[in-house]
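Given the sequences, and given the hints that come with them, work out the whole structure.
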Amino acid sequence: MSTIASKGRGLGSMLRRQSKAASAINAPVTYPDLRARRFMAFAIALSQVANITNVKPLVVVAGVTALLLALALSVREPPRSAWWRMGLMALTVGAGVMVFTQYGRIVGRDPGVALLFIFGPLKLIEARSSRDFMVVWGLGLMLFVASFFENLGLVAALSVPPIIIVYIAALRLLDAPSMSSTRRGALVELWTEVRSAATHVLLGVPLAAVMFVLFPRAAAPLWGMNDPSSSKSGLSEEMRPGKISDLILSKETAFRVEFEKRVPSAANLYWRGPVLREFDGGTWRGGMGSNGFSRGEFISFSPEEHEREAINYTVTVDKQESRWLPMLELPLAYPSGPGVERTLYLTDAQQIGVRGVPNGALQYRAQALVRGTYSAPQPAETSVDVQTGPREWNPRTRAFAADLASRFPEPRSRVVALLKTFNAEQFYYTLKPPLYGAEKDIAAIDEFLFDGRRGFCEHYAGATAFILRASGIPARVVTGYQGGEFHPSGYMIVRQSDAHAWVEAWLDGAWTRIDPTAAVAPSRIERGLEFSLPDAERMFISTRGWSGLQGIKNLWEEANFSYTKWVIGFDRDRQQALLKRMGLEGINPLAALGWMLLAITASGGLMALAWWLFYQRQARRADPWLRAWKSLRNRLQRAGLATDIHDTVSTVMARATEKWPAHGSAFKAFADAYNRSRFAPTREQSSSSSTALAALPSYWQLRRQR
Amino acid sequence: MGRQATHEDEIELVQRRIYVLPTTRGLFLILTAILLLLVGINYQLSLAYVVAFLLGGFMQAALLTSYRNLRGLIIKPGRSPQCQVGEPLEFIVSLRSPERARAGIRLSVRARDGLVVSSPAALPADTQTSRPVFVNTNARGVYSLGRITVETRAPYGVVRAWSYAHFEWLGLAEPAPEFPVPPLPVTAGEGDDTQKSAAHVAHDPDSLRDYVAGDSLRRVAWKQVAKSGTWYTRASESGARREIEINWDSTGRVDEEEKLSRLAAWVLRAQNENVAFALSLPNGSLPLADGAQQIHDAKRLLAAYPHRLDTLKGLR
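For the record, the sequence lines run as chains A and B. Just so you know, numbering that gives the first Met the number 0 puts the end of the first sequence at 705, numbered straight through with nothing missing. Just so you know, numbering that gives the first Met the number 0 puts the end of the second sequence at 315, numbered straight through with nothing missing.
Quick caveat, the hints were computed from the structure, so don't treat them as lab data. Heads up, a few of these hints could be off.
Derived list of chain B stretches under chain A, where covered just means 3 residues or more per stretch with a C-beta under 8 Å from a C-beta of chain A [what the hints assert, rightly or not]:
#1 42 to 56
#2 63 to 72
#3 88 to 102
#4 301 to 311
All values reported here derive from a predicted model rather than from experimental measurement. From the three backbone atoms N, C-alpha and C, an ideal C-beta is built for every residue, glycine too.
So, in structure tokens, the structure goes:
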């Protein structure tokens, strides 16, 4: 009976084993091991880093705290108690409330990013099954993609592959428990997993590239994009001398321009930005409320003029933070580009505005006629274009203006006289002017014009506009960029240091551009800022310093430019143009889908080929004798000799000799040579594996003699 | 594919019998990619397109990886398992992996009482391993393993690749011996003194013979071995070898399963008491013999009833 009893025990253990095995697949909700949990936390951390400047500081604190908490708690499985669940629920609600108080709403883009920032790690705290971890994974990936709302630059693009690899590796680790016990071994193991993940991501790249090119681009957004309520200022809509000098010293690229046929001369490179029309005696403002949205009309031109002079160009902005698009003076039509067409408007000051500030990369094509004037009706007496602020302020300048007006009653000659004054008297162009109007701006312009006489474009533009207004000529300050530097590969870079301010005066029924800085420092306009500065200051502004550094910079610029052009700016039009060049002109979405399917097949084939090549190489690297033996074994097997995996060379050769006695000697020779190569005391090889293999009968010979 | 059982000794998984489909996790990944694509379309974020398409490309690579994880795998059935009813039958499947390493390969079989799954197997290149598939038995008789599903979700869990291997492969569940074990049958027409009548004494009480490989160690005459250095076997444990005949009609039971139970109990007792027996059943008979092979054959015959063993296809 003892046998039965022991069998009974065996049965029990067998059943247990079986149920364990069955539960492993029927319910694939197993708790991932510590390594997988930590790696997932790492992935979430990377997504958070990508967003760290895009959410409010309090959200950063909350998100990072949640992640650290998740990391600390990851050591063991989360408890199942009701208290725990309620605590987590409270944390979740708390996070939601905090986001609401920070952003004032809970739906929308920015609060959404903030919620993702906190909920990813919160879910990680709670995650138990591998399904939960997949949710964390999805949240993390969404968070990473959300960082593109703010950063679309080359750095963001370069971060895509590593982060995708990390996320794919995290997927891999979910059901691959760590085997190694030593720290070093664990690292090697992790590295192997990450490398495999990288390989598989790499294999997917061709398909991704084809999809990127062929996937039909939408002409308009799918759902409404809400405008962020507070617009951040780039090139500011406010001007008080001293503010723009920060901008000038920054060598950051403001935007890049590609001209199509004609290139305007350096003196005509005025990039129109915010127009400052309101003046309160101290500060020039853009006038958002009163006239920002009053519609203007494009300048009139004849077809011949257009044919002869129109300049077509494409502007690529890395980070458009202002509502005004930089436009070459003066625009002929609305610019076109992804995401801008439907939100543009033209003001009566010939500026192109966007309704929602993109706060990111932007690209548009535009047309311009190089003109310094555009006609407009005379501004009314109450217009913002004539106001000079409190009458008591800047008395000396007002007196000067009155004197000028009496001496030159004709407005045009008055302007010329004013510019001559700037040119003839001792005015200096400098980036380090003294402070004017320290007390409440009451006499800021007086101090600049009569005491300091040192300043940069904003000082001159502000003073000129003020004098003109005080003498009865409507005038306004235009800010923007002037100039640009041609990059070796043919496009132009306009840097933040090219920021400029000039004046428009209403003369003879048209607004006319006047650049007082040109009168003070003509080279500022002709040759760029650098040449108009004293030597001591030039050093700080120079972008042309060391040639080696410049080379790297050029390379980076070029990469950035092509990236922006081909990845960021790859819209409907550019897609059509590329397809046309590829001979797929006028492709409809259905055909594109067909091509994509073809691409899927082709890339599958490509992957298989890559693998095959990889294994071929692997095989070539393997020991030649082992390779020869394997190929021979295959040959014999196909010819009908049953071999088993554990058979030795000698036994197989002996059996082959039995079957094909005619080749006995060849078989024996191979076995001997093989064994010699393996077991001979000296490693010298009496014959090569290939010659040994060649001496053996071929598959066909064996078939015939069966 | 795989509906028809094959009598072949091994099956190599080839392209046209491997299927691949995304798992729930894979569908989740695709859903994420679609969501990211929508975000990209709406906000004109090219990098979101890039991420979505990279995920798509990866999905394809994962599809191929899972497929390659199975392709070329060689499945080989083991011997026909045999067990007592109530215990699980252990079908041992051996897997051979020529040319490349594989991971996370599971075998599953749809049995009468649900899905049965083996533990996952990982194989380095050019190696062989085996995995048992346990099938529960709740009635005596012949069990056919049915179609084996060979599947893998490795290495990402986003794609399930599977294939079928359907062998003609039977397992046998022996009848449970009756308990308490009844005494060995009495030869017809005599009293119930089994010692005297059922088994007759074949040899002298202490007769020894030379040891033959396969003899039970319990029957080795250790004293004599120690004295002489030569191996002897006692001809019978109790000094006498008994011989009985176990017969289908001598059980005194009507129900077939009860008959089989009693027969199994007798076989068990014969084994324990070292009695040689002959067995005759409607589906075959065994000549008089003893030893492990006889026991095995007898149990096999009992399990297979009412089938003749030579008519069963799939006994390996």
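Hints versus structure:
1. Given a C-beta distance limit of less than 8 Å, the hint that chain A covers the segment 42 to 56 of chain B holds, as 14 residues qualify and 3 suffice.
2. Counting residues of the segment 63 to 72 of chain B whose beta carbon lies closer than 8 Å to any beta carbon of chain A gives 3, which meets the minimum of three for the stated coverage.
3. With a threshold of 8 Å between beta carbons, the proposed coverage of the segment 88 to 102 of chain B by chain A holds, since 4 of its residues qualify and at least three are required.
4. Three residues within the 8 Å Cβ limit are the bar, and the segment 301 to 311 of chain B against chain A gives 0, so the coverage statement is violated.
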